[in-house]
Amino acid sequence: MATGPRKQFSRRAWLTAASGTAASGLVMTRFDAVKATVQEVPAQSVDPTRVPGRFVSEVGRRAPGEQPRRLVRTLALSSSSRTPLQDLQGTITPSDLHFERHHAGVPDIVAEEHELLVHGMVERPMVFRMSDLRRYPQASRICFIECSGNGGGAYNRNRMPTAISPQQLDGLLSTSEWTGVMLSTILREVGVRPGASWILAEGRDAAVMARSVPLDKAMDDSMLAYGQNGEAIRPEQGYPVRLLLPGWEGNAQVKWLRRIEVSDRPTMTRDETSRYTDPLKDGTARQFSFVMDAKSIITFPSYPYVLPDRGWWEIEGLAWTGRGRITRVEVSTDGGRSWADAVLQPPILSKSTVRFRHLWNWDGRDTVILSRATDETGYVQPTVQQLWDARGEGTSYHHNHQRAWKVASDGSVTFGLGDLV
Amino acid sequence: MNRPVVGMLAAVLAACTPDAPATPAASDATGPGGEAVAAMPAGAPEQFGFGAHASEDRIARWDIDVKPDGEGLPPGSGSVEEGRRVYELSCMQCHGPTGTEGPNDRLVVAGDWEQWPPGRAFGAFWPYATTFFDYTRRAMPQLTPGTMSDDEVYAVVAYVLHLNGLLAADAVLDAESLAAIEMPARDRFVPDDRAGGPEIR
Ligand code: HEC
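Listed in order, the protein sequences are those of chains R and F. Letter by letter, the first sequence follows residues 1380 to 1800 in the numbering used here. Letter by letter, the second sequence follows residues 1066 to 1266 in the numbering used here.
Careful, some of the hints might be misleading.
[What the hints assert, rightly or not] Pairs of lysine to aspartate or glutamate, EDC-like flavour, derived with a Cα cap of 20 Å:
{"no.": "1", "chain 1": "R", "residue 1": "Lys1660", "chain 2": "R", "residue 2": "Glu1772"}
{"no.": "2", "chain 1": "R", "residue 1": "Lys1660", "chain 2": "F", "residue 2": "Glu1264"}
{"no.": "3", "chain 1": "R", "residue 1": "Lys1660", "chain 2": "F", "residue 2": "Asp1252"}
{"no.": "4", "chain 1": "R", "residue 1": "Lys1785", "chain 2": "R", "residue 2": "Asp1798"}
The set of hints was computed from the structure by calculation and includes no laboratory data.
Turn these sequences into a full structure, and let the hints guide you.
Here's what the structure looks like:
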């Protein structure tokens, strides 16, 4: 049963899928399918009703059979690791599985000694320590962060992948509850001078990462976040404080924030000129393309799962938009010929991921399944052809086109966009 | 543009929520369902007074960014010839003998500049030469960032400009001449025109 593309996964896991659960004729839920295909399931050695359990502990841990992992690209200072979208439930990403993208590694910062300098076109240039920032009125919100390079692996017509998982393709996407002080609160404290229109945000990593952000966004819903999912923000996500720009591309949400300069123009840093700009087919390049447009991806069934049987399966996935709320997700189970509304799982939060589900009675034949999201502005997630037409095939970043999965009659699932273009 | 009164901010946000094409992301800072609450609590003081005044010296220590008009460029200068030495000592092992070989990012264009996009190498794609100074001074060399003198940074910028065919072999670069350089891709960069709604851009 295991052929070409699946070889890169654990051989034992595949044997489990092929000969274990499926062959024994047990009824499988999608979680069984999950485990059978990507994880080794430890055998149940004792009857838990006959032996006392473990004691309480200071820090919890995952069940031995539940070991989702980030996917590390390369061990380099400028690198990334991706969230295992296909292994997760709901919308919140466990903090230790939040994707990473660093340009010069993760700095070790002692929060008690960290300072944030706010200066430039302000009445009162100031330095804040973390204890100062924490004393201001606090706010929390749930939102996604996505790297604008996410999904670039499925844009080139001649290099459409097949053996690629949601994690490999779109794992530069995570969702957290963020807590901190609204940036508008701090800008009010320092007093923004008339004529100001941009800020420069700068990090305290070895890249001294810097991005220009329009003042309108800074005054709207931007946050200086020091909390993530109920605890201090993780070092990989910017400890002790990062800039949070809900709905905007990850790179601009500068981590390990040490300086904000209020200005009347952008700085034109390397990461808003050389990188994170979108060349267009008309010979221009789109700059400051901050907002992440509506997007969705089916996370089950997807590569590397195998559907062990025809019949009822619940298709599920994530949808999100940087322009507000997702209003609709449609699913096609016939290669895009017909579409049905998926169920959106509340809460449907602005600029956050929402989980969608669609009950599907698979007849066991080869098919291609897709999803497409619509947001509150009426924007419908485009086909890759629409993006090619609008931007050209040589563009990069912001690849939010529809994703597809090919389900073969043997139950194997592979990335299926190449079959549609 | 001065908006010290955040009590008013909520009203401003509400006013621009329905269909504000200029601000693509509709504001939801005060919306229901778990989003952040931006409004300052009633009775909040004009200023809280937390944090400390930042002196000129304090600001100068961290204020390292360079703007395209040259604001932020330090005194000093460097020649193409000096830059060659800096490059060979501190950059070449990662960016290649001529800036094209890697293993890390290509700094020099090879091939057809007229083709678009021309890759992302400095000479063909970057709109401003000041960005190279800003970035090198903050982030390079990758394993020892922040160790070069301003003169060395001027020099290596001059040398890489020269490798890209944009500066003569006997040139010397300082704040004024660096800010005056017009990069070939200068006018290619356009603001984001995506705005939600039905049109795919
Ligand atoms: C140890 C290896 C190393 C050394 C030495 C090094 N660099 Fe780099 N350089 C890199 C890496 C890696 C990147 C990409 C960083 C990233 O992904 O953010 C980079 C990126 C750059 C960029 C941005 C390129 C682009 O297209 O955006 C410039 C400019 C640059 N380096 C200049 C220099 C200069 C000048 C020197 C010498 C003073 C130097 N580098 C020394 C590794 C190095």
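How the hints compare with the structure:
| no. | hint | verdict |
| --- | --- | --- |
| 1 | Lys1660/R with Glu1772/R | holds (8 Å) |
| 2 | Lys1660/R with Glu1264/F | holds (17 Å) |
| 3 | Lys1660/R with Asp1252/F | holds (15 Å) |
| 4 | Lys1785/R with Asp1798/R | holds (8 Å) |
In this structure, none of the earlier numbered hints is contradicted; all agree with it.
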